[in-house]
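J.: Top line first, the protein sequences correspond to chains A and B.
Residue numbering for the first sequence follows our numbering, starting at 3 and increasing by one per position.
Residue numbering for the second sequence follows our numbering, starting at 28 and increasing by one per position.
Everything labelled a hint here was simulated from the structure, so no lab data went into it.
Treat the hints with care, as some may be off.
[Unchecked claim] Calculated cross-link-like contacts (lysine to aspartate or glutamate; reagent style EDC-like; alpha-carbon spacing at most 20 Å):
1. B:Lys77 <-> B:Asp91
2. B:Lys92 <-> B:Glu34
3. A:Lys52 <-> B:Glu63
4. A:Lys52 <-> A:Asp42
5. A:Lys52 <-> B:Asp67
6. A:Lys52 <-> A:Glu40
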Amino acid sequence: MQTAIAFAFFVLYLQRMRRSLSSPSASLFSQAGVRAGEFDAAIDDLVWAKAPAILRFDHPLMQRVRDGTGINLVQVSRRSRNLLIEIEQHSGGGPSWQYREHTPRRCTFSCQGQLPVTIETALQGELLERLVIPAAALQGVMIAHVAPSGDGWLNVDVTPTWHIF
Amino acid sequence: MTDVLPERLSSSHLEDLALIVLSARTDTSNINLYPEMRSDVRARLRSRLKQLGRYNFPASLTEDKALRRGYTLRQCCRLTVALLLIDAHLPASLAVTLASNNELGFLRAMADRLARGIGIAMPNDLVAVIMTGELQDAFAVPAWLATEPARVRFVRRDEIGRLWTDDLTGSGARLVVDVATATGALWAWISARRLMTDLARTALIAEIEYEEGAGCMALEGEKKRG
Numbered sequence: 003m004q005t006a007i008a009f010a011f012f013v014l015y016l017q018r019m020r021r022s023l024s025s026p027s028a029s030l031f032s033q034a035g036v037r038a039g040e041f042d043a044a045i046d047d048l049v050w051a052k053a054p055a056i057l058r059f060d061h062p063l064m065q066r067v068r069d070g071t072g073i074n075l076v077q078v079s080r081r082s083r084n085l086l087i088e089i090e091q092h093s094g095g096g097p098s099w100q101y102r103e104h105t106p107r108r109c110t111f112s113c114q115g116q117l118p119v120t121i122e123t124a125l126q127g128e129l130l131e132r133l134v135i136p137a138a139a140l141q142g143v144m145i146a147h148v149a150p151s152g153d154g155w156l157n158v159d160v161t162p163t164w165h166i167f
Numbered sequence: 028m029t030d031v032l033p034e035r036l037s038s039s040h041l042e043d044l045a046l047i048v049l050s051a052r053t054d055t056s057n058i059n060l061y062p063e064m065r066s067d068v069r070a071r072l073r074s075r076l077k078q079l080g081r082y083n084f085p086a087s088l089t090e091d092k093a094l095r096r097g098y099t100l101r102q103c104c105r106l107t108v109a110l111l112l113i114d115a116h117l118p119a120s121l122a123v124t125l126a127s128n129n130e131l132g133f134l135r136a137m138a139d140r141l142a143r144g145i146g147i148a149m150p151n152d153l154v155a156v157i158m159t160g161e162l163q164d165a166f167a168v169p170a171w172l173a174t175e176p177a178r179v180r181f182v183r184r185d186e187i188g189r190l191w192t193d194d195l196t197g198s199g200a201r202l203v204v205d206v207a208t209a210t211g212a213l214w215a216w217i218s219a220r221r222l223m224t225d226l227a228r229t230a231l232i233a234e235i236e237y238e239e240g241a242g243c244m245a246l247e248g249e250k251k252r253g
C-alpha cells in the first residue's frame with residue numbers, strides 16, 4: 003500500500019516536472035532541427051551556474067535556430083516549467099513584427115498596420131494566419147484581442163496552444 | 028475608456044540596459060541591439076543591479092505593485108542615473124541618495140534629451156555637475172551653500188569649460204556625469220527593439236514637464252549643514 007502511494011506521488015512529481023512548450027516555438031525548433039530538450043538542458047546549465055534561466059541572443063543554440071529558420075529569435079527563457087520565446091523580426095531600417103511570450107496566458111504579437119474597429123472585433127477567435135502572412139513560424143495561434151497601440155502598430159493578444167515535452 | 032497602463036521593460040533586459048548606458052557613445056546611429064557579454068561581465072552587472080535593489084532603487088514592490096511586470100521608462104531613467112554614479116566609483120548609498128534627492132533635476136535633463144529624439148549629441152545637452160567634497164563643510168562655507176544647498180548642478184555641454192566660474196563656486200573637485208548621452212543611447216536601444224512605444228517617451232516628457240518642485244535638493248534631505 004505504502005509503495006503504491008509513494009509510486010503515485012513519484013508519478014505526480016514527474017508530471018509536475020514536465021516542461022511545456024507553445025505551438026510557435028515547437029514549430030520553430032522543429033524547422034531548425036533543434037530539440038526542445040536541448041534548450042531545456044542549456045537552461046539547466048545556466049541555473050546550475052546561478053544565472054537567470056534565460057538564453058540570450060549570443061547562445062549557440064539561438065544562433066542555430068536563427069540560421070536554420072531566418073526568424074530572429076532573441077530570447078528563450080524558462081518560467082515555471084514553461085519555455086517562453088521572444089522573436090523580434092527586423093526588415094530594412096526598423097522592426098517589422100514581434101512576438102513575445104510573457105507568461106503562458108499573456109502572449110502578444112505586434113506588427114505595423116491599421117484595421118477598422120469592426121474588423122478588429124471580428125478577428126477574435128480566428129487564427130493569426132488570417133491577419134498576417136509573414137508569420138510562417140507562428141502557426142496554431144488564436145487571436146484573443148486586437149487593439150491599435152497608437153503609433154501605427156497593432157497589438158494582438160494571442161493564445162497559442164501549449165504542449166508538454 | 029480604461030486607463031492605459033504604462034509600458035514596462037521586462038527585468039530580463041536590465042543587464043543589457045546597464046551595458047548600453049554605461050558604454051554609451053555620443054553617436055547613437057550604430058548601436059548594438061543585442062550586446063554580447065561574457066558571463067562574468069553579465070554577473071558583475073547583475074550584482075550591481077542587485078546592490079541597487081537592496082536600497083529599493085529604482086522602486087520597491089510596496090511603491091509600485093506592478094514592478095514584477097517590469098520597469099517603466101521613468102524607473103529606467105532613475106536606474107540609469109544610479110548606474111552612472113556607481114560607475115564613477117561613488118559608493119552605492121551615496122549614488123542612491125544623490126539620484127533620488129535630485130531625481131527631478133536628472134529627469135529634466137534626460138527628458139530634454141528625449142524630447143529631441145535620438146541622434147548625435149548637441150551642444151545644449153545638459154550634463155550633471157556634482158560637487159562631492161566630503162570635507163567641504165570643514166572649510167570656509169562658500170556663499171552658494173548658504174543660499175542654495177544643492178550639490179548637483181546642470182550645465183550645458185558647451186559650457187563645461189566654465190565649471191570653476193563664480194556661479195558654480197570657485198574651488199573644489201567636480202564630477203561631471205553625462206546623463207544626456209546615456210539617455211540618448213537608452214532610448215535608441217529601446218526604440219530600435221521596440222521594447223516600448225513612442226507613447227512612453229512622450230508620456231514621460233509630459234509628466235516631467237508638469238511635475239512641480241525644485242530640480243535640485245540638498246544632498247542629505249533633513250540634515251542641514253552648518
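J.: Please verify whether B:Lys77 and B:Asp91 have alpha carbons no more than 20 Å apart.
T.: OK: B:Lys77 and B:Asp91 at ~17 Å, within 20 Å.
J.: Verify the proposed pairing of A:Lys52 with A:Glu40, using a straight-line Cα cut of 20 Å.
T.: Holds, because 19 Å separates the two Cα atoms, which is no more than 20 Å.
J.: Given the hint that A:Lys52 pairs with B:Glu63, does the C-alpha gap stay at or below 20 Å?
T.: 19 Å, holds
J.: Does B:Lys92 pair with B:Glu34 here, judged by a C-alpha cut-off of 20 Å?
T.: 14 Å, holds
J.: Can the restraint linking A:Lys52 and B:Asp67 be considered satisfied, given a maximum Cα separation of 20 Å?
T.: Given that 20 Å is the threshold and the Cα spacing comes to 12 Å, the pair holds.
J.: Check whether the Cα positions of A:Lys52 and A:Asp42 lie no farther apart than 20 Å.
T.: This hinted pair holds, its Cα atoms lying about 15 Å apart.
Taken one by one, the earlier hints all hold for this structure without exception.
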